[in-house]
Each structure stands twice: as structure tokens, then as C-alpha cells.
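A.B. asks: The primary structure of each chain is shown beneath.
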Amino acid sequence: DAGVTQSPTHLIKTRGQQVTLRCSPKSGHDTVSWYQQALGQGPQFIFQYYEEEERQRGNFPDRFSGHQFPNYSSELNVNALLLGDSALYLCASSLIGGGAKETQYFGPGTRLLVL
Amino acid sequence: QKEVEQNSGPLSVPEGAIASLNCTYSDRGSQSFFWYRQYSGKSPELIMSIYSNGDKEDGRFTAQLNKASQYVSLLIRDSQPSDSATYLCAVRQNDYKLSFGAGTTVTVRA
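One line per chain: the protein sequences are E and H, in this order.
Take the first sequence: its position 19, counted from the start at 1, is 429 in the numbering used here, and no numbers get skipped.
Take the second sequence: its position 57, counted from the start at 1, is 50 in the numbering used here, and no numbers get skipped.
Please note that the accuracy of each hint is not assured.
[Stated by the list, open to error] Here are the computed distance ranges between Cβ atoms for each label pair:
id, chain 1, residue 1, chain 2, residue 2, range
1, E, Asn487, H, Glu50, 41 to 51 Å
2, E, Arg521, H, Pro3, 30 to 40 Å
3, E, Lys511, H, Arg53, 20 to 30 Å
Honestly, the hints are just simulated from the structure, not real lab data.
For each residue, glycine too, the CB sits at the ideal point set by N, CA and C.
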């Protein structure tokens, strides 16, 4: 049973650049959520995608955008990178229809460093 | 007021003891509650979910939920060095996102 996969594992960028992070959900899952985790903090919700649409968005600027493909995989794009964007970016997948019991499983994350 | 608050820790317990982790949440309409374990440098791993008041046991882990007090806890019995990690409490309200606490770091000393 393939779990959630993310690429790349590590990334170094400079301020002002753009970055694309990728996620493939767990086998059988159809929903992808993205979180940002700064050092020493809990993950913060960026957005969630289902049926190729953004279903909910957290308090992140428009520099953060995403996409979901027909095969349920997803991309997170960040434009005009700031030093404060340095963090662990986590993708979580789930299966719609679970209601309150919908459970999110996390991938290994992409560690982004902005210099 | 933060949506989800946890003991700031760190929490140090001797091997074989019980580790007790606490979490409070602000939205009375919250429906789903999760505990994730996160080893240093790794991603969160689900260890427990709980949806109704009372206790839920899974091996050495017991989650307790009290919706009236807006409180959820995790007990780790017979703590082992491999339990040393940061434990994240996550809450889902009446929407799709998970709201996380800052985590409690547990160290089990041999």
C-alpha cells in the first residue's frame, strides 16, 4: 500500500525565486491538504484540494497557490519567496466521505530553505 | 485565544512510567480529535483518533475526550525510549482543515 510521497525532499532557494513542490496521495485517497510547519511549531493549514478544486484555504497570501491533477496528485507553488517561507512543507491525503472521521495521513515533507 | 493549546513541555519521564499529555481547544463545535507523533526531522504520524466523549485505548496509548470541558488528553503507558518524540494534538472543527497545537516534546529516560 503506497503511502503519501513528496518531492523533492530538500530544496534551497533565494529570496524572490519561485518554487514548486509535489505530492502524490496515498493509494485510494482523493483529497490533498498542504501544511507549513516552521521550526518548533505545529503545522499550519495552507489549503485543501478535492476534485481539482481548492476546497478550503488557510491564512496564507496569494503567493501560495496550488493545483490538483486528475490522478489526485497535487502541486504547491510559492512565488516571490521570502526568508520567512523557510519551513517543512507537508502534504496530507485523505478520502472524502468520511465526514468527521476523515483522517489525514502525512507524507515525509519537503524542507525548504530560503537564503 | 489559540484554537488548540498544549502543555509546552518538555516532559521527561522515566522508562516504564506513564506520560500524560494535555490539549485544550477553543471551538465548542469541534468534531474530530487526533494525536500525531513527530520524531525529530520527520513528518507527523497518526497514532490515535477520537470522536466521542470518553476513553479510547490502542495498545499502550489511551486518548480521553471531554467535549464539555473542551479537553483531550493522551496517556502513554509503560513509556519506552522509542516514545521520545513531539506529540501534536490536532482538532477539526466543522470544516476540512486540521488545527494543530504547538506540540509537547516527550523524553523517556532509561
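A.B. asks: Could you run down the list of hints and mark each one as holding or not?
C.D. replies: To see whether the hints hold, each was checked on the structure:
no.	hint	verdict
1	E:Asn487 with H:Glu50: 41 to 51 Å	holds (43 Å)
2	E:Arg521 with H:Pro3: 30 to 40 Å	violated (23 Å)
3	E:Lys511 with H:Arg53: 20 to 30 Å	holds (23 Å)
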